Amino acid sequence: MTPDITAFDDVPMSITVTITVNGERHELVLDPRRSLADVLRRELRLLGTHQGCEQGVCGACTVLVDGDPVRGCLLLAVQADGARVETVESLGRDGELDELQRAFTENHGLQCGFCTPGFLMLATALLRDEPGADRERITECVSANLCRCTGYKGIVDSIDSAARSAARSTPRSAARSASHGR
Amino acid sequence: MKPAKFGYFRPETAEEAVALLGAHAGAQDGAQDGARVLAGGQSLVPLLNRRLVRPRALVDVTRLPGLRGLAVTEDTLRIGALTRHADIETVTDPAVHTGFPILPESARWVAFPPIRSRGTFGGSIAHADPCSEWCLLAVLLDAQLIALGPAGTRVLDAAGFFTGRHRTALAPDELLVEVRFAHRPVLAALAEYSIRQRDYAVVAAAAAIRLDRWGAIAEARIALGGVADRPVRVPNAEKALLGAVAGAEAFEFAARVAAEDLEPPADVHGSAEYRRELASTLVARALRQAQAKGGPQA
Numbered sequence: 223m224t225p226d227i228t229a230f231d232d233v234p235m236s237i238t239v240t241i242t243v244n245g246e247r248h249e250l251v252l253d254p255r256r257s258l259a260d261v262l263r264r265e266l267r268l269l270g271t272h273q274g275c276e277q278g279v280c281g282a283c284t285v286l287v288d289g290d291p292v293r294g295c296l297l298l299a300v301q302a303d304g305a306r307v308e309t310v311e312s313l314g315r316d317g318e319l320d321e322l323q324r325a326f327t328e329n330h331g332l333q334c335g336f337c338t339p340g341f342l343m344l345a346t347a348l349l350r351d352e353p354g355a356d357r358e359r360i361t362e363c364v365s366a367n368l369c370r371c372t373g374y375k376g377i378v379d380s381i382d383s384a385a386r387s388a389a390r391s392t393p394r395s396a397a398r399s400a401s402h403g404r
Numbered sequence: 211m212k213p214a215k216f217g218y219f220r221p222e223t224a225e226e227a228v229a230l231l232g233a234h235a236g237a238q239d240g241a242q243d244g245a246r247v248l249a250g251g252q253s254l255v256p257l258l259n260r261r262l263v264r265p266r267a268l269v270d271v272t273r274l275p276g277l278r279g280l281a282v283t284e285d286t287l288r289i290g291a292l293t294r295h296a297d298i299e300t301v302t303d304p305a306v307h308t309g310f311p312i313l314p315e316s317a318r319w320v321a322f323p324p325i326r327s328r329g330t331f332g333g334s335i336a337h338a339d340p341c342s343e344w345c346l347l348a349v350l351l352d353a354q355l356i357a358l359g360p361a362g363t364r365v366l367d368a369a370g371f372f373t374g375r376h377r378t379a380l381a382p383d384e385l386l387v388e389v390r391f392a393h394r395p396v397l398a399a400l401a402e403y404s405i406r407q408r409d410y411a412v413v414a415a416a417a418a419i420r421l422d423r424w425g426a427i428a429e430a431r432i433a434l435g436g437v438a439d440r441p442v443r444v445p446n447a448e449k450a451l452l453g454a455v456a457g458a459e460a461f462e463f464a465a466r467v468a469a470e471d472l473e474p475p476a477d478v479h480g481s482a483e484y485r486r487e488l489a490s491t492l493v494a495r496a497l498r499q500a501q502a503k504g505g506p507q508a
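Protein chains in written order, with my numbering: chain A, 223 to 404; chain B, 211 to 508.
In case anyone wonders, no lab produced these hints; they're calculated from the structure. There's no promise every hint is true.
To be verified - Computed footprint of chain B on chain A, listed as stretches where at least three residues anywhere in the stretch have a Cβ under 8 Å from a Cβ of chain B:
id, segment
1, 241-255
2, 265-278
3, 305-316
As the list claims (entries may be wrong) - Partial chain A-side listing against chain B, Cβ under 7 Å, derived:
id, residue
4, L319
5, L368
6, G376
7, V378
8, S387
9, A389
10, S391
Stated by the list, open to error - With beta-carbon atoms standing in for the labels, derived distance ranges:
id, chain 1, residue 1, chain 2, residue 2, range
11, B, T300, A, S391, 22 to 28 Å
12, B, T302, A, R315, 53 to 59 Å
13, B, R261, A, P234, 16 to 22 Å
14, B, A379, A, G314, 50 to 56 Å
15, B, D352, A, R315, 32 to 38 Å
16, A, S391, B, R261, 47 to 53 Å
17, B, R260, A, H248, 34 to 40 Å
18, A, E362, B, D303, 23 to 29 Å
All values derive from a computational prediction rather than experimental measurement. The beta-carbon is built from N, C-alpha and C at its ideal position, and this holds for glycine as well.
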């Protein structure tokens with residue numbers, strides 16, 4: 223084992239950034255090696271974002287950065303300077319689950335729950351972009367993340383059910399999903 | 211799974227980034243590497259987290275101006291190094307779709323949407339993974355790679371750019387700024403196989419053909435990924451296609467010739483023999499799909 227070098231005198235080792243998380247602006251002084259997922263959990267105590275593999279494989283730490291789904295472990299928090307971040311904590315309001323979360327509980331979309339925040343954020347981004355996403359689209363989308371309890375049927379059913387109920391409430395996307403033949 | 215300590219720079223200009231790379235490139239502090247370029251981070255950050263790479267300085271280029279986007283000028287497609295995979299997937303410019311449809315079509319093979327939303331085209335090229343779709347297409351279409359160094363820019367050919375697994379001809383103080391595709395593929399397709407959907411390909415094959423007016427093959431290019439330490443062309447298979455009538459017989463013969471010329475690596479995902487078989491199947495598939503781009507009359 224080689225010892226860690228603790229500091230260099232000629233490179234910046236602490237960086238001041240501003241990140242907006244779930245609508246709240248935070249000014250943070252960060253060690254640049256902290257991932258966004260680390261900072262969400264440790265600095266901001268938002269423990270809903272789970273950390274699994276920390277190497278981009280599992281997707282448990284998926285959050286939205288400027289609206290796009292992103293692996294929280296693969297983005298250095300300093301790179302999110304100026305960005306708008308959304309975590310699973312932003313989904314429910316006043317103790318109430320949102321429609322997608324409710325669909326997960328009703329369709330056995332989770333078992334141990336570890337991967338759930340990542341899948342919820344992944345699906346939130348999908349349904350925002352494509353409210354009428356069909357089952358095939360949903361299946362392709364969730365291939366980004368790993369679940370090791372249930373398999374993916376319950377998860378796909380949950381997102382599908384949320385998409386169908388959103389489609390029922392908005393006629394335009396209902397027409398679009400009908401044109402997909404599902 | 212946390213990176214070793216490093217210093218972080220966010221330069222404002224490409225020239226400043228190159229100067230920083232130069233200033234830290236040669237530095238070796240104990241186990242630390244010199245400087246590394248940080249773009250989308252989708253390949254570098256896993257290596258940092260696993261401490262397989264321990265740079266003393268990261269130069270974050272993500273905010274450098276003018277390096278993101280695709281444009282076709284005078285039959286040449288230029289892709290800025292910071293163009294994200296998702297930008298290529300969702301490009302709306304009709305000139306890209308008519309001249310170089312293989313690029314937006316292939317974007318869906320590049321990992322998953324959360325990776326595509328951050329990962330960059332230039333980062334993928336500079337990372338030089340032997341299975342990378344973008345590296346494969348750069349070799350297939352003889353792309354030119356524009357590198358900025360302390361003395362200005364130079365143009366490198368894709369054929370000599372990839373020098374090994376995760377190795378390129380870029381100097382430690384050079385920054386890849388743009389990739390140019392001057393060869394306009396007429397009929398081209400990419401086919402690959404991965405164990406998990408959108409995971410790294412075990413083997414990937416890309417083909418581009420041009421037919422003369424009688425339906426014979428006038429020009430053929432075939433490139434493969436996952437069969438060597440870098441993406442490779444298979445000149446014997448390309449030659450075997452010339453003058454042949456485009457169709458199953460010619461494609462399957464070329465696919466066998468391609469596979470015979472390979473010495474693929476063996477690993478947990480497949481033996482050398484399995485990869486050779488896969489290469490043959492995928493070359494034939496890429497050729498069939500390329501031909502099909504011309505429609506039923508082609």
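Here's how the hints hold up against the structure:
no.	hint	result
1	241-255	holds (count 3)
2	265-278	holds (count 4)
3	305-316	violated (count 0)
4	L319	violated (23 Å)
5	L368	violated (9 Å)
6	G376	violated (19 Å)
7	V378	violated (13 Å)
8	S387	violated (23 Å)
9	A389	violated (21 Å)
10	S391	violated (25 Å)
11	B:T300 - A:S391: 22 to 28 Å	holds (27 Å)
12	B:T302 - A:R315: 53 to 59 Å	violated (35 Å)
13	B:R261 - A:P234: 16 to 22 Å	holds (21 Å)
14	B:A379 - A:G314: 50 to 56 Å	holds (52 Å)
15	B:D352 - A:R315: 32 to 38 Å	violated (55 Å)
16	A:S391 - B:R261: 47 to 53 Å	holds (49 Å)
17	B:R260 - A:H248: 34 to 40 Å	violated (28 Å)
18	A:E362 - B:D303: 23 to 29 Å	holds (25 Å)
Against the hints set out earlier in the document, violations occur for numbers 3, 4, 5, 6, 7, 8, 9, 10, 12, 15 and 17.
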